[in-house]
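Novice: Listed below are the residues making up each chain.
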Amino acid sequence: MKNRLLILMAIVLTATSLIAGWSLADKLLLINGAGATFPYPLYSKWFYEYTKIDPTVNFNYQAIGSGGGIRQIAAQTVDFGASDGALTDEQLKQAPGELFHIPMTAGAVVITYNLPQVKERLKFSPDVVADIYLGKVKRWNDPRIVKDNAGVTLPGEPIVVAHRSDGSGTTNIFTDYLSSVSDNWKTKVGKGTSVNWPVGLGGKGNEGVAGLVKQTPGAIGYVELAYAVKNNLPYADIKNTAGNFITPSIQSTTEAVNGKINSMPADFRVSLVNPDGKDAYPIAGLTWILVYKNQTDKEKGKKIVEFLRWAITDGQKYSADLLYAPLPESLVKKIQEKIDQIRY
Amino acid sequence: MKIKFVDTGFKKATTLIALIVVALTLLLVYNMATNAIPSIQKLGARFLFTSTWDPVKEDFGALPFIYGTIVSSFLALLIAVPVSLGIAVYLAELAPQFIRQPLSFLVELLAAIPSVVYGLWGIFGLAPFLRSTIQPFLSRYLGFLPIFKGEFYGVSMFTAGIILSFMIIPTISSVSREVFLAVPFTQREAALALGATSWEKIRLAVLGYSRSGVLGAIILGLGRALGETMAVTMVIGNRPEISASLFAPSYTMASVIANEFTEATSNMYLSALIEIGLVLFFVTLLVNITARVLVWKVTNKVEGGIRE
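Chain order of the listed sequences is A and B.
First residue of the first sequence: 1, per my numbering; consecutive thereafter.
First residue of the second sequence: 1001, per my numbering; consecutive thereafter.
So here's chain A without its partners, still in its complex pose:
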């Protein structure tokens, strides 16, 4: 008797869940994506806002890291990928179809430090940053740091270098920058999501680096602009190609995108470091959504294209609040043309 009751309950439960599942599936088209963690806060805001505009579609995004995003889109286990680093030619060739890089937003990497006795915002020239990370500039009162910071009394403490220990797009942008300003760095270390650091301590994530810097007097580290602003970390001005010291901000990051507009390749695989423009902050990068040019699923393809169009136009208004740099108009126009080429 008891058994029969259990079986009946099981049947009822299965039936209701199946019906519920069907009706949900009827209503919602699920689009899966995976990749970069850096734009995740913005993407989840977008997906949430977008359900109000198109309630028939539901985006599921797994922030597993750019590496995972690239692998999954290449294996076609997701409908779109996301990455902070552009794919290499070889990776593009290995993908089963033509992949588009759609720029979604831009971010900046800032230099943070722990010098309690210094109240002014520090200034750094590019070669000094590179030599600090190469271990050549060892003390805070090094003449080259002093030269850029006239009027600031710098202590003679040793500089303790901190970097990300986990593979990350932030490291990719930062080492890309160091490679572009220092030949020594380029040949000795190079750029990548993880590199063989000549000196320094590794912290996991932005919070790990920030933790090391906060705990260690005389430390220097690099974190995302958004992280530094939200956590009230001090950050330095960096000298750009025009010779101006630029404070990292959303505006100066958007200026960095603007500075690359003229040299922007058709596939948008561009590094934003050292852009032209007198107000452009030099350590910045784009983050992309990766989609196939030829969408296999007609309905999903249509929804993805609609979403991308919305994200790069109306969606950009959510960027600044979350401390991402909105894309400039001129670039948005170019991206729209690219999105128009997606076939479904």
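No wet-lab data here; the hints were simulated from the structure.
In this text the structure is predicted, and so the values were computed from the model without any measurement.
For each residue, glycine too, the CB sits at the ideal point set by N, CA and C.
Please note: incorrect hints may appear among the correct ones.
Cut-off 25 angstroms, straight-line C-alpha distance, at most; resulting in silico cross-link-like pairs (PhoX-like, lysine-lysine) [as the list claims (entries may be wrong)]:
1) A:LYS300 <-> A:LYS278
2) A:LYS300 <-> A:LYS52
3) A:LYS138 <-> B:LYS1149
4) A:LYS93 <-> B:LYS1042
5) A:LYS214 <-> B:LYS1149
6) B:LYS1042 <-> A:LYS188
Covered by chain A, according to a simulated footprint, are these stretches of chain B (three or more residues, beta-carbon under 8 angstroms) [said to hold, decoys possible]:
7) 1092-1101
8) 1203-1216
Which chain B residues stay away from chain A? Per the calculated CB distances, all over 12 angstroms, these [stated by the list, open to error]:
9) PHE1166
10) ALA1190
11) PHE1261
Once you've looked at the hints, dock chain B against the given chain A.
Specialist: Showing chain B alone in chain A's frame:
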């Protein structure tokens, strides 16, 4: 008839379940080995004996990670074993009844704290404390020893060893306590009847009798220390270098996998990380086998203690 069927059926079912463990282990090793092939082919034995870890130039050497894993784990044991045995003896033999329950509960609660919490506490609590208090003391009085030389930044092999010891103390002490409680009362009574003091009773009857069980507890703790990832990553400094000083930053195998796996894009890079996983598996296996052999040696040699 029916009973017999149930018996054999039960035996078969449990055998099958036990075999699943074997199959899973083999599958794991097989998968890791096949995925590690590009790295094994390209680097061969160099992978195990060189110290450069350069994802950009795709030159990988795992020696600093192997060193870091083993040294941090043994450092943890060095601290944790005496403390854990002290806790276990106190709880099993000496503590008044009203303290035993709450204290055992607290020790076991320590085991339930997620490792990321230990890591956070390590960065914001332990590391600054070590830097301001313990390290100046050690440097001043024991600074002539190579293991206490050099700059100390808070994050280091030393910090990682201490965090790990906190994490394995609950394991070792609660298992040891159970082992001590399992010592038959006749043993204790025999020791007391021979005129043993309280300390002699514990040493002869309890510790002697439960030696193999305690070694088992230590192996369990060591296993946790070798595989611990999150907390260690947060306090060890993540620098792939072999240094004689415990104050220097270091790196472990589990940490490098956790750190770099998500963003490893090239096949060679991924394959090198998987090979690290394979090496970690074999190092753990080797350490466990050595420990087991040690247990056999010790249990076969009757020394002290009163055997049944």
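Novice: Work down the list of hints and note, for each, if the structure agrees.
Specialist: Status of the hints after comparison with the structure:
no.	hint	in the structure
1	A:LYS300 <-> A:LYS278	violated, 43 angstroms
2	A:LYS300 <-> A:LYS52	holds, 18 angstroms
3	A:LYS138 <-> B:LYS1149	holds, 20 angstroms
4	A:LYS93 <-> B:LYS1042	holds, 23 angstroms
5	A:LYS214 <-> B:LYS1149	holds, 24 angstroms
6	B:LYS1042 <-> A:LYS188	holds, 22 angstroms
7	1092-1101	violated (count 0)
8	1203-1216	violated (count 0)
9	PHE1166	holds, 19 angstroms
10	ALA1190	holds, 54 angstroms
11	PHE1261	violated, 8 angstroms
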